[in-house]
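> First to last, the sequence lines map onto chains A and B.
If you're matching positions, the first sequence starts at 1 in the working numbering and goes up one per residue.
If you're matching positions, the second sequence starts at 1001 in the working numbering and goes up one per residue.
These are computed hints drawn from the structure, not numbers from a lab.
For every residue, glycine included, the Cβ atom is placed at its ideal position computed from N, Cα and C.
Be aware that one or more of the hints could be misleading.
Short, incomplete list of chain B residues facing chain A, as computed with Cβ under 7 Å [unchecked claim]: (1) S1107; (2) F1124; (3) Q1125.
Residues per chain are reported as follows:
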Amino acid sequence: MMPIRQLSKKLVACVLIFYAPLTLAQNDSQSLPFDTLKLDNLDQFINPNTKNWQVAGNVAADRKQIGSFNDIKGKGILVYKPAKQSLPLISKAEFGDADIELDFLLSKGASFEISLHGRCNIKITDDWMKKANPGAKAPGLWQHLTIRFRAADLDKNGKETKSARFEKILLNGHEFENNAGQQAVNLSPKTINKSLAIIGNALPFAVRNVQFKTYQKDLIHISATNFKVYNGLHKNPDTLASLQPKRTGVTDTLSHLVGDRKSQLLMEGTLDIPRDGDYLFKMIAGGGAWFYIDGKHIIDNRGTRDFERAFYAKHTLKKGKYPFKIVYSNSDECLVLHYEGPQIPWRSLTTPASMRVSERFEPLEYEVKNKPAIQRGFMMHRNKINPYTASVSIPPLASAGEKTGNNYAYDMKRYNVLSAWHGRFIDVSNMWTERGEKQLEIPLGAKLELLQKPLLAILSSPEASWPDSAQTAEGVFPKRGYRLANSGLPVYFYTLNETSIEDYLSSAPQNEGLTREVKITPNAGKGAYLLLAEGRTIEQTTHGYAVDDKNYFIENLQAGSVKPILRRDNGRHQLIIPIQNEPLTIKYDIIW
Amino acid sequence: MVRCVIMILLLIRAVNSFAQHIIENESKYYKINTVPVPDSIMLEVGGLAFTDDDKLGVATRRGEIWVIDDPYQKKSQKPRYSLFANGLHEPLWLAYKKGAFYTTQRSELTKMSDSNGDGVADLFQTIYSWPISGNYHEYSYGPLILPNGEMLVTLNLSWVGRGESLTKWRGWMLKITEDGKMTPFATGMRSPAAFGLNASGDVFVAENQGDWIGSGRITHLNAGDFAGHPAGLKWTAEPGSPIDLKRSSFADSIGIMYDYAQGKSHFKVPAIWFPHTVMGISTSAIVSMDSDEAGPFKGQLLVGDQGHSKIMRAFLEKVNGQYQGACFPFREGFASGILRMAWGSDHSLFVGMTSRGWASTGKDLFGLQRMTFPKQFPLEIKAMRITTTGFELEFTKPVNKTIASATENYKMTGFTYSYRKKYGSPVINSGDCNVSKAEILADGTKVKLTVNGLRAGYIHELKIANVATQDGEKLLHPEAYYTINAFPPGTDHTHHDMAHTQAATATGGCGNDPSKSVHEQPADWKTEAGVTIIMGTKPGLKFDKEILEVKAGSKVKLVFNNNDDMLHNLVITAPGKGEEVGQNAMDMGLNGTNAGYIPDSKSVLFHTCLIQPETSQTIYFTAPKAGDYPFICSFPGHSFVMKGIMKVR
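Assemble the whole structure, with the sequences as input and the hints as a guide.
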């Protein structure tokens, strides 16, 4: 059907190599902007076949109908529709070493491939609810792909010493199992094609937000660096001018090890900036640290001793040599300075030994067999610790066959679902090893993060803003707790102004997500509401709602005679339910 | 020279066998049986509580509640375990009331009920909750159920390089009713893992050494009391706070706690200090001996110790309306770190243990043991009471009057601790007291000592030699530590006029041979050190490197960074001597504190001083000849796990 040919064994080398972090302890919360592939039209692609490639303003796919797909006129979204002569879509942009991110949305059953350099392929199939890629989401939802690609390494003569490969592929933030076969796109076989190609198959899908950073080999170099070590710790780096150093010398590396603990270190030298452009610097240090270029203050860490906290600053520089200065007040032996630049990925100016690494433990999976599991602990939620988390695992229904189980995290302070994920439950190594200082439960799946707001609130009007926590003096619901149903799963209960709630989550039919059942016994005339969903957009679908820009579905909503209200609160869409004076049971499915 | 070495070796043997000897003698009276734990259960005990039908509930650090049927092993050698509940967030206590278990999770007091009677909890109710920041040190303990049904819980301070109260009521004891009404009860706590009631129903809380806490201790608390650590005072402006002391009024170092407390209402000094490393290092459980089975000790307290895997005994008396008294060794040799104790229906004592993250002398990672009391008790100091002229000792049996009336058989030393923000304290202001008279009273069970030089605010160490019964039975534990906070009315004040503000006799020493701990690069080194080793610590009592490699004869600069929240040192020993040096340090007793726990031994080659949390020290030495040289932290109890090997090649 499609012009694809068998490729040499070289492709076998395009295996996934797990991303070996560049002394990076955590994901970067800031980075330089990506380049974006403009999708106003198909101008960014080489000879696009407009029979099967188009742009659209919005798309929708019924997750239950094979191949069902609708698009609305507009721009920004790349749409693939199978045609008699389907051809790959090949970018004009060329990629060397690159970080690439994109969103895609599949019609039910659809699949496609992404090919880099005509040799390294990623095959996306509708893996929803399959054990192979538990990070996969339902057709009709936007999914996110993260790719780190390394072009082939060449020697002086242009001979390949290492094949091109993927260093990282994440699907919705979860490790991706790539099943791309040994096939390559039939491009110009004599040259190494450096494009990105998208290859459709028999069913439609959409792609958007194609973003990338491509990298060159040249980096910032430091040279002619002198150091001075001063006794004591000083909160003001200018103090050093009036002091005599206890030791001075020359260093060829930047590290706290150049100085001593409980001493102040000054390093001054020359930075060779390889290219004009924006540079983003990141500093992590235990004890005050300051970085200057050309006499200008670039970044400091406000004197913190939290050696896991990163500080960022962006600075525009021209190619050339600049004097630099680093001052470090060595409390905790951690001085890290990383940077990202124009066509330069995150790199370190300091040595690996200059970073203090938090203790890592062997993985310890909380294994769930046939019975539900519940475990309280801390969990990261939107990059912050939520210390009130209960994680719950619901094993797959017997009828589910190959399908995975479902898990969710519940906020035991706000009494609402915090997040949900398919697949395995949690890792508890940093709770149950040694002192367990972090106490973090780490979901072993692609986490769908929901709200950190209470389900129940009293509103003065249907337009009033939703509160962040329970509307009581202490910010917690009275008479709260949970009981275990016969299923072994918790039924959460609590009250607010005498309105009482029971909240029960179980696996949705076919294991496709969660079914939530909320029983409300209202206290007459108190203006109680339930917050079912919030997001950037909430769109109505054949089966219910697509929430938060098609991040997840709410389906099969049963609320008796009560009509849900779609409203806006601080620019966000919300789906709320007004509670009348009669007891009410509300039931709906959360599908992702 | 050779003879010297032999002498030292003999001495070390003698000391070692002495420790062993104690356990052997104790075990003649107090039997310890191990309650078997099925292989599949990690019984890291956080709490113990008996049910109404005499089953033992056990809360574990992994969040499970197990119920053990027949923990006495009357029916079967292998008691039956059933899982009552799981999924809790590190419950470090267990209580039982009217058919339900109660515990604290990090952020709440939880009631767990089995409403359908199938033996498994199906109802978890939050009785009361408090905010937490996510800091690991924010442990919560309780509830201790009071006779009227009200409950007490305590909340650890957060650890941010020092103890701080990051969220409301950290560092406090709270009183909570069954329907969730909370009253702030008392503050001044740092790590109040243990608290209990004495026979009169008064509340005692135990503390471990830390910032502001010079040594372990127990303190009597009434509503509105302040127990010494100022961090919790952050919340005294909140509605409901019974305390009006201000955090800002505490300087970083304030001399002696007793002096500072004078004239400040509700400022509670410890009823009994448990001198650090001599009477444990981490007090962990308080129970009262209220039954006749406790024999002569009925009415006294037992206090557990996590790090030293042992139980100590406390005798309390009221002087001028306030509690004070003495502590005594009782029983060593438990299998793991003691965290909880609970009385069985037969008045045997169940001891629940865990050592994960905090090593203990008992090597097991966790365990459950049961201690039974004898019919015939050993010769012990039953009670130690202060009198107007000194002390009255009461023994469990009549003693030989001739021996017991000889004053040279009694040695008494007074000392105290610094009250300061820094972690721990050396023993300070140490001074001998003179025992000038020893009178035997009545049937020979009591001896009245006349002592000069007693001081209020001081701990008084009593060491007794030779005292025995007529049959020659010796005192099982010939020592006691009495904390004087007050003298009885009518006391002759000439005997306690020794100034307690005298300069400290020692300020945290560092061995007695400076050549083993060289802190500046030696002048005769022509060049810089050939090898620089950076050694740090990891949580859970570990060095961050377990193997060091250096060349014989190389000049070594060793930088030791104590990144932990406890005191540590680094001691390099002669090959094969790591364990021995660790044991020697443990046996140094009170002297150890002021020698930085560096034993005076040939086996100690090089060492740092005992250094504060978050500090660093550099030592210089020349690597010895090829061999494997152990290095340890010699702080008592740490060397079992905090160790490594320096390979010299």
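> So, for every hint listed, does it hold in this structure?
Now the hints, each set against the structure:
Residue-level restraint check for S1107 (chain B) holds (minimum Cβ-Cβ distance to chain A is 6 Å; threshold 7 Å). A least Cβ separation of about 5 Å between F1124 (chain B) and chain A falls short of the 7 Å threshold, and the interface hint therefore holds. Using the Cβ-Cβ criterion of 7 Å, the hint placing Q1125 (chain B) at the interface with chain A is satisfied: the shortest such distance is roughly 4 Å.
In the structure shown, no violation is registered for any of the earlier numbered hints.
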